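First to last, the sequence lines map onto chains G and B.
The first sequence begins at 77 in this note's numbering and counts up one residue at a time.
The second sequence begins at 77 in this note's numbering and counts up one residue at a time.
Please note: incorrect hints may appear among the correct ones.
Which copy? The list can't say, so a pair holds if one copy fits it or any two copies do.
20 Å max Cα-Cα, derived EDC-like pairs, lysine to aspartate or glutamate [what the hints assert, rightly or not]:
1. K321 <-> D344
2. K83 <-> E477
3. K391 <-> E338
4. K321 <-> E285
5. K162 <-> D367
6. K321 <-> D464
7. K229 <-> D134
8. K258 <-> E118
9. K400 <-> D341
10. K321 <-> D341
11. K261 <-> E233
12. K321 <-> D367
13. K400 <-> D464
14. K434 <-> E285
15. K400 <-> D367
16. K321 <-> E338
17. K261 <-> D234
18. K321 <-> D286
19. K321 <-> E397
The hints are simulated quantities; they were obtained by calculation from the structure and are not laboratory data.
This structure is a prediction, so every number in the text was calculated from the model and none was measured.
There are 2 protein chains.
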Amino acid sequence: MYTCDVKRMEDKIKTFSTFGDAGHGGITRYSLSPEAIMARNEFIKRMTAIHAEIVTDDMANMYATLPGSDPSAKRIVMASHCDSVKNGGNYDGILGVMGAMEVLETIAAEDIPHTHPVTAMIWTNEEGSLYPPAMMSSGVVCNDFLPTEIAKKFKQEDMLASKSVLDRTRTFGEALESSGFKGDKKNRLNPDDYKCMFELHIEQGPILEDAGNDVGVVTCVLGMFNYRIRFYGQSDHAGTTPMHKRQDALHAAAQALCYLHEEIDKLDRPELVYTTGEILCHPCVHTVIPDFVDFSIDVRHEDPAVRQKVLAIVKGLADREWAKCRCEVELAWARDTVYFDKELVSYVKEAAEQAGVKHQYINSGAGHDAQFVSYMLPTTMIFVVSKDGHSHCEPEYSSPEQCTNGATVMLNAVLKADAS
Amino acid sequence: MYTCDVKRMEDKIKTFSTFGDAGHGGITRYSLSPEAIMARNEFIKRMTAIHAEIVTDDMANMYATLPGSDPSAKRIVMASHCDSVKNGGNYDGILGVMGAMEVLETIAAEDIPHTHPVTAMIWTNEEGSLYPPAMMSSGVVCNDFLPTEIAKKFKQEDMLASKSVLDRTRTFGEALESSGFKGDKKNRLNPDDYKCMFELHIEQGPILEDAGNDVGVVTCVLGMFNYRIRFYGQSDHAGTTPMHKRQDALHAAAQALCYLHEEIDKLDRPELVYTTGEILCHPCVHTVIPDFVDFSIDVRHEDPAVRQKVLAIVKGLADREWAKCRCEVELAWARDTVYFDKELVSYVKEAAEQAGVKHQYINSGAGHDAQFVSYMLPTTMIFVVSKDGHSHCEPEYSSPEQCTNGATVMLNAVLKADAS
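Excised from the complex, chain G in its bound form:
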């Protein structure tokens, strides 16, 4: 049983928190920005110090590798990302990179014997905050292994053409070329050279904290679907149109949204989550009755039978009029539940037990690069408790001890994979 070092971990947390520091407890660190490049240079500095070999691939993904005793053995990789959302926190993504470095530093410092080479990796542009979509590089690198419907949304030429949301004249491809981190396609993560992948990440929810656990043994990424619900009414003057003559698309949308909550809640599945996060209203003028409203609905559950029940409720909206408005329901996208590799999951569970870290099984409601990689390689994830369940915001927090516990679990799970 080996353990990682809380002082060394704390130093990494403090150092990486300065790259993109927004001045009030969090960071903005878009992929390939000057702030992200400072983080990449810090990764190089620390990995060079332990004599890891560093390469990049054609999407600027970075790989730092310590050799094992068998030069021909496949590599075991630990990966996450160092980019953030706007005004994000100091843990989402970067924790998995710091944890991977901490594992290599512990292996080097304690001269831990291992057969396979072990790699710490940075995925480029996981958040997709500046250059959409999210999980861009794993979508490209794993493209040949992904389900067709997903693969076609991550074609490399389309990704390179993705425009900055802040400067529509600049593409991701241009940012990549000028970053200094674009390497060779042959260095990409691939199933011939890599045995398996681990990703350490904050939970981004309240379940571990509520249960008093430090670590989650992740079993799957929830299946989900995303629909657009649209209402078509008639624009008229707010002061001159009698109520009985109106076709108010916003009243229709409000009724349908309340109906969705009532009907979905009747299914009584506490582990089901569904969200309307986006609403658009036209013309959105206070003296005009809206003629068009469009809202999103995002639904996530492990079991496809449960998702089907919700889908029937959602699709049923279009069978009736809402406030005399026509309703249209359109699929934006859907994905099945992605189950992680059972053996790797068992190594994580055993490692947590042996290290005496309080843990539980958990699933991931959020998307991660690991879910794309799992179509290509045996893959799993380890969650670290998130204070108050917050993420994608400045109050993100996991204590140095909790972060180190996560790294310790990953280190010992890697060693089990190495021995298998």
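Place chain B on chain G using the hints.
Here is chain B on its own, set in the frame of chain G:
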């Protein structure tokens, strides 16, 4: 009994519809734009042809006057506006200008005897589409007579500083200076030189059409209030936050909006109108639970006691939580019902009866320059039926006969005022 000329009216409708023609049945004619200046030049051409005297004031309001038999008598003015909203129709505003010209042309052509000078007037920037607010020039010209709360929103220096919604570097004051139509402040509509004002306008609602009438005898502009309703929740990840932990500001807003409809409808006042036209949602991302939603509510009814009952329901929203979100209610603005001059209203009613034009009493749910003028001068309005009740859109339509009937009623009402 005199009647206006349908051929002459039809010619005006066709001609003015070319100024700002958007190519599919309607116009975009922002105030003081090149298109609006074409309309003003056509007004000058037609009014010069009947030897009317034309002046402008310091807000570029235009006045074309035919003398009466008593040079010292106060003027009777007929006024509306020639500017439109974006992609508006061929009747809102310009009908009142064409009707005023038609009255003067009929007086000139038939040499109708009258004591008072009679004036056709164009109000500048009634819509406020390019340079907000709406009713800008009547707000300035009548400022000393308006209730304090309204007057302070229409101070001339603030109006001149109003920025173009399309070009934030350009102000209304600059557009006014360069228009060629800025005249002398002493030419403004005022109670020493003017006896009363009539405004002919399309109804902008379906009431006259449903009743089979051509003309509405307007008695008042409805009192109204406008509130903002705000909900404060907590932003969290759509995939990782259990339903029972959420504070979803959009679910809160949808519930409150449905509650408002249910409670207000219980008052069972069919002549009451209320509208939520605007909704803002933050951060408005489909994978994030909204932490803030803000919507408008616009409520209109003649009777202050009815408005008070609705206000109690609206204010009551803040007394409870909605979907665990705090609710805040804030007044944006309110105005009392403005009653038009009883004598002028009776002239319009008698004129419609004598002309055999099908008519009824009606109130105005929309705001008009006439409502501001009514604080300064005896004022009233005449409505012409709107096909399908549409306005502020390209399908606006009233037939040449209906428009001419409106002008005939105005002509005879003006002659009654002249004789009074």
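To see whether the hints hold, each was checked on the structure:
1. Taking the shortest alpha-carbon separations for K321 and D344, only the inter-copy value of 15 Å comes in at or below 20 Å, while the best intra-copy value is 38 Å.
2. For a Cα distance limit of 20 Å, the shortest separation of K83 from E477 inside one copy, 9 Å, qualifies, whereas the shortest one across copies, 89 Å, does not.
3. Proximity of K391 and E338 under a CA criterion of 20 Å is satisfied intra-copy only: 15 Å inside one chain copy versus 26 Å between copies.
4. In this assembly of identical chains, the alpha carbons of K321 and E285 lie at most 20 Å apart only when taken from different copies (13 Å versus 52 Å within one copy).
5. In this assembly of identical chains, K162 and D367 lie within 20 Å of each other by CA distance solely across copies; the values are 16 Å between and 33 Å within a copy.
6. Proximity of K321 and D464 under a CA criterion of 20 Å is satisfied inter-copy only: 10 Å between copies versus 48 Å inside one chain copy.
7. Taking identical chains as interchangeable, the C-alpha atoms of K229 and D134 lie at most 20 Å apart only when both belong to the same chain, with a minimum of 19 Å there against 59 Å between chains.
8. In this assembly of identical chains, K258 and E118 lie within 20 Å of each other by CA distance solely inside one copy; the values are 17 Å within and 65 Å between copies.
9. Proximity of K400 and D341 under a CA criterion of 20 Å is satisfied inter-copy only: 16 Å between copies versus 25 Å inside one chain copy.
10. In this homomeric assembly, K321 and D341 come within 20 Å of each other (Cα to Cα) only across copies, at 14 Å, whereas the closest approach inside a single copy is 33 Å.
11. Taking the shortest Cα distances, K261 and E233 sit within 20 Å of each other inside one copy (14 Å), while across copies they are farther apart (64 Å).
12. Proximity of K321 to D367 under the C-alpha cut-off of 20 Å is restricted to the intra-copy arrangement: shortest distance 13 Å within a copy versus 34 Å between copies.
13. Proximity of K400 to D464 under the C-alpha cut-off of 20 Å is restricted to the inter-copy arrangement: shortest distance 17 Å between copies versus 42 Å within a copy.
14. In this homomeric assembly, K434 and E285 come within 20 Å of each other (Cα to Cα) only inside a single copy, at 11 Å, whereas the closest approach across copies is 74 Å.
15. Taking the shortest alpha-carbon separations for K400 and D367, only the intra-copy value of 11 Å comes in at or below 20 Å, while the best inter-copy value is 30 Å.
16. In this assembly of identical chains, K321 and E338 lie within 20 Å of each other by CA distance solely across copies; the values are 17 Å between and 28 Å within a copy.
17. Proximity of K261 to D234 under the C-alpha cut-off of 20 Å is restricted to the intra-copy arrangement: shortest distance 17 Å within a copy versus 61 Å between copies.
18. When the C-alpha separation of K321 and D286 is checked against a cutoff of 20 Å, the pair qualifies only between copies, where the shortest distance is 11 Å, while the shortest distance within a copy is 51 Å.
19. Proximity of K321 to E397 under the C-alpha cut-off of 20 Å is restricted to the intra-copy arrangement: shortest distance 15 Å within a copy versus 32 Å between copies.
The structure is consistent with each of the numbered hints, conforming to all of them.
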